[in-house]
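Chains A and B, in that order, are what the protein sequence lines are.
First residue of the first sequence: 1, per the working numbering; consecutive thereafter.
First residue of the second sequence: 1001, per the working numbering; consecutive thereafter.
List time: in silico DSSO-like cross-link candidates among lysine-lysine, alpha-carbon distance up to 30 Å: (1) K212(A) <-> K56(A); (2) K7(A) <-> K212(A); (3) K1172(B) <-> K56(A); (4) K14(A) <-> K1172(B); (5) K212(A) <-> K14(A); (6) K1221(B) <-> K1204(B).
Note that these hints are calculated values from the structure, not bench results.
Keep in mind it's a predicted model, so treat the numbers as computed, not measured.
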Amino acid sequence: MVTLQVKNLGFSYKRHDVFRGVSFEVDEGMILSLVGPNGAGKTTLLKCVNRLLPPKTGAVTVMGRAVQTLSRLELARSIAYVPQASPPPFPMTVFDTVLLGRRPYLNWRPRRRDVDLVAEIITRLGLSDMAMRDVNELSGGERQKAVIARAIAQEPKILLLDEPTTYLDLQYQLRIMGFLRELVDEKGLCVVFTTHDLNLALQFSDRMAVLKDGVLVAEGGTGILTEDVILRVYGVEARLLRSGGRPYMAPVRAI
Amino acid sequence: MIPPDSEKSDTAGIGGAYTAHLRKNLLFLLLMLLVMGALCVFGLSVGGASYTVAESWRALLAGPAADPAAADVRRQIIWTLRVPRVLSALLSGAGLAVAGLTMQTILRNPLASPYTLGISAAASFGAGLGIITKLNVLLAVLPAAVGYDLMIIGNSFIFTVVCTFLIYFLSKLKKVSAETVVLFGVAMMYVFEAATSFLQYIGKPEELAELVYWMFGSLSKASWHKFYIILVCVAVCAVLTYRNAWNFNALLLGDESAQSGGVHVERLRVTGLLLSALTTAVIVSLLGPIGFIGLVAPHVGRMLVGGDHRFLIPATCLAGAILLILADTLSCLVLAPAVLPVGIMTSFVGVPLLIYLIMKRRREHW
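So that you can see chain A by itself, here it is in the shape it has in the complex (with noise of 0.2 Å):
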């Protein structure tokens, strides 16, 4: 089933087109990597898709209802979203971070069943050791899988990542896309996340779409990258290596 369609989506900053004409579209269950350039537009587009931004042209599709019709409540419950990393400015526990997942269902007093998922998810994620500590006292990896935890306690539809990854270690870089795999899996949820690191891309995601100044130059399966469109979009010669089945790109040097 299609969970997330976007249709010819297009936005501009004053005359300035960041993205245009992009259309893509991710069914349950299926993680889709979003990958390209420095300024290619690829956080711009997580925004227009998650109604952070308004976009100029197009339609975003949630479960086949546009998104603007949806209210802020029913957004948050159907689209969840992780930006690049900010650290709070005051104390704030890893449980008070992953509970706010909980916020677009609350009405006020969190219920058993709240503080049990919050707790649920803490422990599968490894945390439940620092769960009552200060998110700012954590490390770079855990803070960012307090974060996601928080997503994640939205219980969304869709999971919007921007660069999960980046600056996290490679056993954290594994593991937080391992995790999601298999939330992926066992929910049918959608993820699309950016990332500068194909290598992750290829063995994460399901689908991969290629954004080079604002235009969608590849999208489909794993396959579509090839080592020409590596060199359009990156200007990167690059080798794409197989090894136990699966692609590896191993980049040579820059044009």
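Given chain A, work out where chain B should sit, using these hints.
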């Protein structure tokens, strides 16, 4: 999916730890309430004429005299001077504290407060404009005859709002960091202080005296009349702010996270800034500028109950009330029988506390 046993016990443990955390916070609030009550009663007994705590307690219980001439002096002093004074201290402290907390959360800046953002200075300028030039800015908005007191309050309020929105729109401009907002607030403070100095320069001696007296924030100006105004304003602001507790929590993770969590960030900012400006304006215009409560009380609150605004807002209110009552009591005692303006004392109490808090923090936030 059935989680393994270890995960299940972990999950239960986290739930339990959270419940314990909530209980601890409630206990802190209760303790603060007790401290505040005790300070109130003690505060009633100090002033121009000192009574023992027991004497003031008895006079307090006797209730306000129906016929002031017949009542004994003690009862009269307690009920016409000290009760409104202490209650005003309580409410103003709470009001300034919650205004400071709102500003810190909304601007995501631990240095924001009515004082450091120049809002107190703007209120002083508005009052000065009323006292010295008799210019009634309120008339432009409300074309009806208003009393002298109301004119000064109105002027203060309008300039407070002007100052608040200048800062707000600047903070919305692209690439303006949190530090820049505070710098801009400091700049506003200097501008309004310079403008007030200019007013002082052109003012007549008796107007000058009135303005200088006005600018020493003092609870000696408190009366039942003013108390009711502060009561209504602080109560409304505190309730409206408290209703946004969850939204404020969400805002700590940044605008985009909050918005994708269903918070109307723009509206929250505007209402929050307006509410805090209104509270500050009313208190400052009635009692004069009282610094540092708005800056320090939220930090005290955070140290005691953490970042959850459901507890932080009441804790900050209580901390502000306690601090101001304490400062007021000290200002009555230091040069007794003379009473110092409390605005002088809050800095003496607040600054060491602020320095202590900064030194004690494990992690720097600014």
